[in-house]
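> Protein chains in written order, with the working numbering: chain B, 36 to 348; chain W, 178 to 472.
In short, the hints are calculated from the structure, not lab data. Please note: incorrect hints may appear among the correct ones.
These stretches of chain W come out as covered by chain B in the derived footprint (C-beta under 8 Å, 3 or more residues) [claimed, not checked]:
#, stretch
1, 343-351
2, 426-436
Here are the computed distance ranges between Cβ atoms for each label pair [claimed, not checked]:
#, chain 1, residue 1, chain 2, residue 2, range
3, B, Asp246, W, Val226, 49 to 57 Å
4, W, Ala238, B, Gln241, 36 to 44 Å
5, B, Val48, W, Arg245, 35 to 43 Å
6, B, Thr330, W, Ala238, 47 to 55 Å
Every residue, glycine too, gets a C-beta built ideally from N, C-alpha and C.
Here is how the chains run, residue by residue.
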Amino acid sequence: MLNFLARRLVQLVPTLFFVSVLIFSLQQLLPGDPALVMAGEERDPAVIAQIRQQYRLDQPVPIQYVYWVKGVLSGDFGESLRNKMPVRELIAQKLPVTIQLGSMAIVIAFLIGIPAGIISAVKKGTAWDYGANLFALWGISTPNFWLGIMLIFLFSIQLGWLPASGYVPLTENWRASLAATIMPAFVLGNAIAAILMRHTRSAMLQVLESDYVRTARAKGLLERSVILKHAMRNALTPVITLGALELGTLLSGAVLTEQIFSIPGFGKLIVDAVFNRDYAVVQGVVLTTATIYITLNLIADIAYVLVNPRLRT
Amino acid sequence: MTDAVLGTIPVTVAEQVESPARRAFRRLLKRKGAVAGLIVIAAFMLMAVFAPLIAPYDPIATSWSAVRKAPSAAHWFGTDDLGRDILARVLYGARASLVAGAISVAIALSIGVPLGLLSGYRGGFIDALISRITDAMLACPFLILAIALAAFLGPSLGNAMIAIGISATPIFVRLTRGQVMSVKVEDYIEAARAMGNPRWRIALFHILPNIMPALLVQATLAIAAAIIAEAALSFLGLGQQPPAPSWGSMLNSAQRFLTTAPWMAVWPGLAIFLIVLSFNLVGDGLRDALDPRER
Chain B
36 MLNFLARRLV
46 QLVPTLFFVS
56 VLIFSLQQLL
66 PGDPALVMAG
76 EERDPAVIAQ
86 IRQQYRLDQP
96 VPIQYVYWVK
106 GVLSGDFGES
116 LRNKMPVREL
126 IAQKLPVTIQ
136 LGSMAIVIAF
146 LIGIPAGIIS
156 AVKKGTAWDY
166 GANLFALWGI
176 STPNFWLGIM
186 LIFLFSIQLG
196 WLPASGYVPL
206 TENWRASLAA
216 TIMPAFVLGN
226 AIAAILMRHT
236 RSAMLQVLES
246 DYVRTARAKG
256 LLERSVILKH
266 AMRNALTPVI
276 TLGALELGTL
286 LSGAVLTEQI
296 FSIPGFGKLI
306 VDAVFNRDYA
316 VVQGVVLTTA
326 TIYITLNLIA
336 DIAYVLVNPR
346 LRT
Chain W
178 MTDAVLGTIP
188 VTVAEQVESP
198 ARRAFRRLLK
208 RKGAVAGLIV
218 IAAFMLMAVF
228 APLIAPYDPI
238 ATSWSAVRKA
248 PSAAHWFGTD
258 DLGRDILARV
268 LYGARASLVA
278 GAISVAIALS
288 IGVPLGLLSG
298 YRGGFIDALI
308 SRITDAMLAC
318 PFLILAIALA
328 AFLGPSLGNA
338 MIAIGISATP
348 IFVRLTRGQV
358 MSVKVEDYIE
368 AARAMGNPRW
378 RIALFHILPN
388 IMPALLVQAT
398 LAIAAAIIAE
408 AALSFLGLGQ
418 QPPAPSWGSM
428 LNSAQRFLTT
438 APWMAVWPGL
448 AIFLIVLSFN
458 LVGDGLRDAL
468 DPRER
């Protein structure tokens, strides 16, 4: 186990290095003089000077990179060119909103995806299985921004049940907060539910054919207890770790969902930054997402080894 | 020369029975979902190619006397906030979506497959290097990476395709590498090596054909993802620039008129859903049809 952990951690070093190179290189893609592009239409000489100084544009590229990484490692992601706030503070401000939205989405995804997957595996080849598979296809193929717009039309404009946009912090008023986030959370959770359903279905099908399930049935156990106690527990382990990897889908989805529902989260931060040509914020957001993803990936890997004794060598 | 002769003999023998490609196609046609998907994709392609002949109006011609009109006999899908015919814009919008789907996946394949072949076949330091870069790219969520790339490259349909293509590349590197690793230990690869074939020849003519099925399935599913990504970038203003029609940017303007003109949001969204669903159906069908275990 310790060996595995050590090897896994050592592997992270080059990955993180390349992530930083990748995100740093983004600014090399800017056409022409980056300082002029970043300064926007006004081309205020003071702003241009600040950009040159902040990015050390007068230095060679590798030196720029070293300064940039030094800053990042000490938690300094630079400063937003628009509102002069440190990027780190902006991210810290917006991240909790997306965490709330994401957690609700994950709960919704598990509540829909796992039962649907189990039912379709147990009732393979029936109308139930067919229906669950159609649901999965629908979930994977529906663009979440369209689903969001359609839900706003139905629940906010036609029925008037839920607010169309905006956000209230959970600590301020939990009812209003849930009302404002339930639609976007469903939109986000829907696609992940579809993926989880497919994983659950195939894991369950595999487990249901295994010897110990046959033994359990042969013992004369109730079918319900065979499925819930014997099959499900073993089938769900890989599903849960695979679920953790859907974080990327979640964060990608949050970008559009937050935009549609005007939720001031992490996803909206990157979109606003793109429109304002606030490149330091774009880099900071991508870097933070990648770090969160890598960390969760690591945790999922360790959890997988912990629950699967055969891998614990 | 001998190599070429030896290479052709098994192929002709196999063809007398049934070529693998033909067998896969026959099995694909047995799946209703995949056939429906193929028909819808073909219909959208025809729409995109013949848009100027089918479209009832010019997709960018504005008309102040027909602003936000509900669907009617004159405008089947209604009109938008500038009085443009939505049916015409949906028809022309198919061009941007299909071209973006095809070109971005072509970019991802043309970078990802050679790197994956190199990584899986050579092993060693090159493999470690390519794998770590792939890990780094996979750590950035697909759409966020595409948005960041499109933002730095500048907003245009071409740049959106490049951004989506690059973001989709690591999936193909990883898939190709994994497939190569499992194929390269097979006896026929050993045989090809024993005959003195150079490495590049083994990689291109012995390994690549054998990993094609997996790549084909992944490419089909990737087109679906790329079409959604293009719509998303256009929705955010990073793809096709107005007034040129694209389904994503149509949805963006539709959101502002949801109370007064909901039809503006229905049609482009439905079009994206249908084409993406079709590529997913064909991809799933191909996976089953190409799976040797289901023979």
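> Which earlier hints can't be squared with this structure?
1, 4 and 5
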